[in-house]
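Engineer: Each protein sequence line maps, in turn, to chains U and Y. Under the working numbering, residues 1 to 241 are what the first sequence spells out, in order. Under the working numbering, residues 1 to 408 are what the second sequence spells out, in order.
Hints were generated in silico from the structure; no laboratory data involved. Incorrect hints may appear among the rest.
Okay, the calculated bits of chain U under chain Y, using three or more residues with CB under 8 Å as the criterion [to be verified]:
#1 46–59
#2 74–82
#3 91–100
#4 103–115
To give an idea of the interface, some chain Y residues facing chain U are shown, with a C-beta separation under 8 Å as derived from the structure [what the hints assert, rightly or not]:
#5 R5
#6 K116
#7 E312
#8 L317
#9 V319
#10 A321
#11 E323
Please read these numbers as outputs of a predicted model, since none were measured by experiment. A virtual CB, placed ideally from N, CA and C, is assigned to each residue, including glycine.
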Amino acid sequence: MSEKIIRLENIVRIYQIGETQVQALRGITYSVNYSEFLAIMGPSGSGKSTLMSILGLLDRPTSGQYFLEGVDVSKLSRDEMAAIRNRKIGFVFQNFNLLSRTTALENVELPMVYSHISSKEARDRAMKALASVGLKGWEHHRTNQLSGGQMQRVAIARALVNDPTLILADEPTGNLDSKTGAEIMDIFCRLNQERNITLIMVTHDPVIASYAKRRLYLKDGQIVGEEVSEGACDRAPASGG
Amino acid sequence: MKIIRILRVSMRALARNKMRSFLTILGIIIGVAAVIAMVSIGEGAKKGIEERFASMGTNLLFVYPGSRNVRGVQSGFGGFTNLKPDDAKAIEERCDAVKATSPSINTRAQVVYANKNWNTQIQGTGEKFPEIRNWKVAEGVYFDETHVASAAKVCVLGSQVKQNLFEDEDPLGKTIRINKIPFTVIGVLESKGEQGGFFNRDDMIAAPYTTVMRRLRGVDYINSIDVAAVSADRTSEAQRQIEELMRERHRIAPGADDDFQVRNIADVAESAAESTKIMTILLGSIAGISLIVGGIGIMNIMLVSVTERIREIGVRLAVGARERDILLQFLIEAVVLSVTGGIIGIVVGVGASRLMKYISVFSNITTVVTPESIMLAFFFAASVGIFFGYYPARKASKLDPIEALRYE
Numbered sequence: 001m002s003e004k005i006i007r008l009e010n011i012v013r014i015y016q017i018g019e020t021q022v023q024a025l026r027g028i029t030y031s032v033n034y035s036e037f038l039a040i041m042g043p044s045g046s047g048k049s050t051l052m053s054i055l056g057l058l059d060r061p062t063s064g065q066y067f068l069e070g071v072d073v074s075k076l077s078r079d080e081m082a083a084i085r086n087r088k089i090g091f092v093f094q095n096f097n098l099l100s101r102t103t104a105l106e107n108v109e110l111p112m113v114y115s116h117i118s119s120k121e122a123r124d125r126a127m128k129a130l131a132s133v134g135l136k137g138w139e140h141h142r143t144n145q146l147s148g149g150q151m152q153r154v155a156i157a158r159a160l161v162n163d164p165t166l167i168l169a170d171e172p173t174g175n176l177d178s179k180t181g182a183e184i185m186d187i188f189c190r191l192n193q194e195r196n197i198t199l200i201m202v203t204h205d206p207v208i209a210s211y212a213k214r215r216l217y218l219k220d221g222q223i224v225g226e227e228v229s230e231g232a233c234d235r236a237p238a239s240g241g
Numbered sequence: 001m002k003i004i005r006i007l008r009v010s011m012r013a014l015a016r017n018k019m020r021s022f023l024t025i026l027g028i029i030i031g032v033a034a035v036i037a038m039v040s041i042g043e044g045a046k047k048g049i050e051e052r053f054a055s056m057g058t059n060l061l062f063v064y065p066g067s068r069n070v071r072g073v074q075s076g077f078g079g080f081t082n083l084k085p086d087d088a089k090a091i092e093e094r095c096d097a098v099k100a101t102s103p104s105i106n107t108r109a110q111v112v113y114a115n116k117n118w119n120t121q122i123q124g125t126g127e128k129f130p131e132i133r134n135w136k137v138a139e140g141v142y143f144d145e146t147h148v149a150s151a152a153k154v155c156v157l158g159s160q161v162k163q164n165l166f167e168d169e170d171p172l173g174k175t176i177r178i179n180k181i182p183f184t185v186i187g188v189l190e191s192k193g194e195q196g197g198f199f200n201r202d203d204m205i206a207a208p209y210t211t212v213m214r215r216l217r218g219v220d221y222i223n224s225i226d227v228a229a230v231s232a233d234r235t236s237e238a239q240r241q242i243e244e245l246m247r248e249r250h251r252i253a254p255g256a257d258d259d260f261q262v263r264n265i266a267d268v269a270e271s272a273a274e275s276t277k278i279m280t281i282l283l284g285s286i287a288g289i290s291l292i293v294g295g296i297g298i299m300n301i302m303l304v305s306v307t308e309r310i311r312e313i314g315v316r317l318a319v320g321a322r323e324r325d326i327l328l329q330f331l332i333e334a335v336v337l338s339v340t341g342g343i344i345g346i347v348v349g350v351g352a353s354r355l356m357k358y359i360s361v362f363s364n365i366t367t368v369v370t371p372e373s374i375m376l377a378f379f380f381a382a383s384v385g386i387f388f389g390y391y392p393a394r395k396a397s398k399l400d401p402i403e404a405l406r407y408e
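Please work from the sequences and hints to get the whole structure.
Structural biologist: In structure tokens, the structure reads:
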């Protein structure tokens with residue numbers, strides 16, 4: 001029963017925009033198992049980005065409770081949330097969000113700047129993370145010298161480097177062509193299957209969503225459906241890269 | 001060790017924008033250099049004055065004419081005519097704590113020799129001037145009692161004047177014209193060795209006070225009297241005796257104000273030091289203003305830098321940077337900028353103070369760079385960095401991570 005990595009209890013998020021209140025989430029109750037691969041789908045304005053922000057501890061719910069690994073994290077301070085993001089959560093964004101004019105290695109080392117890791121160990125771990133996403137030999141290239149797919153791999157390495165239990169991906173293939181997107185999805189599948197990292201991904205692309213075993217549909221801030229099927233990851237196991 | 005890592009992050013960010021970083025610290029460089037150079041001018045003047053008074057001897061007193069109150073009418077400063085050569089004679093004869101006196105009257109004049117000319121101070125003195133002021137004659141002789149009594153047209157040159165008019169030529173026995181009146185050069189004073197300074201004592205000509213009074217100024221009074229006490233520990237006794245005598249000679253009723261002032265060398269040195277201190281503060285604060293302007297430049301650039309890097313801040317927050325980490329990063333960037341500017345500014349400022357004497361306009365200004373002025377400028381620069389860097393850094397640290405990540 002306590003084997004849930006995420007448990008949401010009636011999460012409500014209201015934005016105050018001037019005089020009007022906008023209800024982005026209207027009472028979400030849901031849980032996610034360890035090592036699960038979940039896709040969150042829905043039209044724009046459905047609240048999926050807001051939900052991701054709350055899951056990623058970038059935002060706090062207006063009301064409701066969020067248990068991450070059994071601990072209520074819905075009322076933490078900014079710095080407490082930052083510490084948990086640093087240790088337990090990795091982010092992958094649609095637009096990569098790498099630091100410009102910095103090398104791949106420096107980008108991957110970034111999360112370790114904010115944890116208690118010696119710079120030598122940080123370097124070793126960053127090198128390993130880059131190798132695991134197939135970027136061996138690209139460590140000292142600057143991000144502007146990399147292709148879109150390579151940049152997203154750097155971002156994934158950065159998300160991985162602190163050994164998170166949870167990776168949140170927001171439209172990770174949105175800026176990539178379908179072939180490169182499939183390569184990125186292969187990496188996600190491998191992380192999920194081989195390293196048992198829980199993956200939650202927001203997408204509006206049904207093909208990408210089909211990689212996940214569970215798909216959650218949101219509309220107007222509420223869960224409107226859930227689908228469980230064999231994910232594409234299981235059908236076509238990732239070729240060992 | 002965490003600080004070291006954040007310091008490295010800051011340094012990297014600055015290195016990515018070398019040109020902008022340089023332009024930012026330029027303001028601080030100029031500010032710090034200006035503070036050091038300006039304070040060095042003030043300190044140089046102070047040192048010059050201190051040295052001068054030290055070399056004059058400690059038994060020296062001066063008698064000046066003072067403001068006089070006649071039936072409630074106070075005469076102002078300037079145009080005092082009540083100090084006469086006889087006062088000097090009387091002081092020397094009747095005060096037993098006094099060793100020697102020399103009346104003093106000054107004027108400025110154009111001096112001509114052959115095809116050279118020079119504008120300098122003509123100092124009318126008594127024959128005991130070298131003894132009182134502790135000043136030796138390098139060549140020839142100083143004028144004597146008979147020269148003074150006869151208002152002879154003789155003069156003794158300061159070494160700077162000798163250099164300017166005669167260069168390597170022997171000046172003794174030559175005739176120079178002071179305001180078109182021919183004077184025979186009978187001696188050259190030893191150099192006081194002052195490089196520049198606001199008052200270069202080698203840039204003067206000494207002549208009998210009687211000659212200056214009658215032939216150059218056409219007056220019957222003197223400007224002041226130089227007095228040497230018998231010894232340094234009898235200066236206050238000498239001062240008392242002079243005051244008593246002068247009141248008697250000038251017929252000042254008991255209780256009325258003196259129409260003269262007797263000051264000893266320590267008082268004079270103190271007031272001179274006071275005026276250079278005010279000058280130093282003035283120069284330093286003007287330069288300090290430029291340092292503040294430099295600080296505003298840092299704040300400006302840091303604000304631009306924060307806006308430009310909102311996405312970067314968002315990423316850092318997302319991967320677990322705490323508010324303090326971001327605050328420190330930007331604060332350290334500002335401090336690194338101002339401290340680097342401070343160090344370069346010190347080098348430039350010290351260099352400028354050293355080079356000043358080679359620039360003709362400033363050639364007679366002595367500069368002294370003190371460690372205090374360097375420390376002052378440096379710490380002021382560092383605090384400017386902290387003060388003006390804090391606001392942008394705080395702004396950066398308070399950003400909302402979601403908005404920062406979405407910022408275009």
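Engineer: Each hint needs a verdict: does it hold in this structure or not?
Structural biologist: Checked hints:
1. 46–59: holds (count 4)
2. 74–82: With 3 residues closer than 8 Å to chain Y, the stretch 74–82 of chain U meets the three-residue bar; holds.
3. 91–100: Check passed, 6 qualifying residues.
4. 103–115: Per the Cβ count (6), the hint holds.
5. R5: 6 Å, holds
6. K116: Violated, about 66 Å.
7. E312: At about 6 Å, which falls below the 8 Å cut-off, the nearest Cβ of chain U leaves the hint on Y/E312 intact, so it holds.
8. L317: 7 Å, holds
9. V319: This hint holds: Y/V319 lies near chain U, its Cβ roughly 4 Å from the closest one there, short of 8 Å.
10. A321: Since the shortest Cβ distance to chain U is 5 Å, the answer is holds.
11. E323: 6 Å, holds
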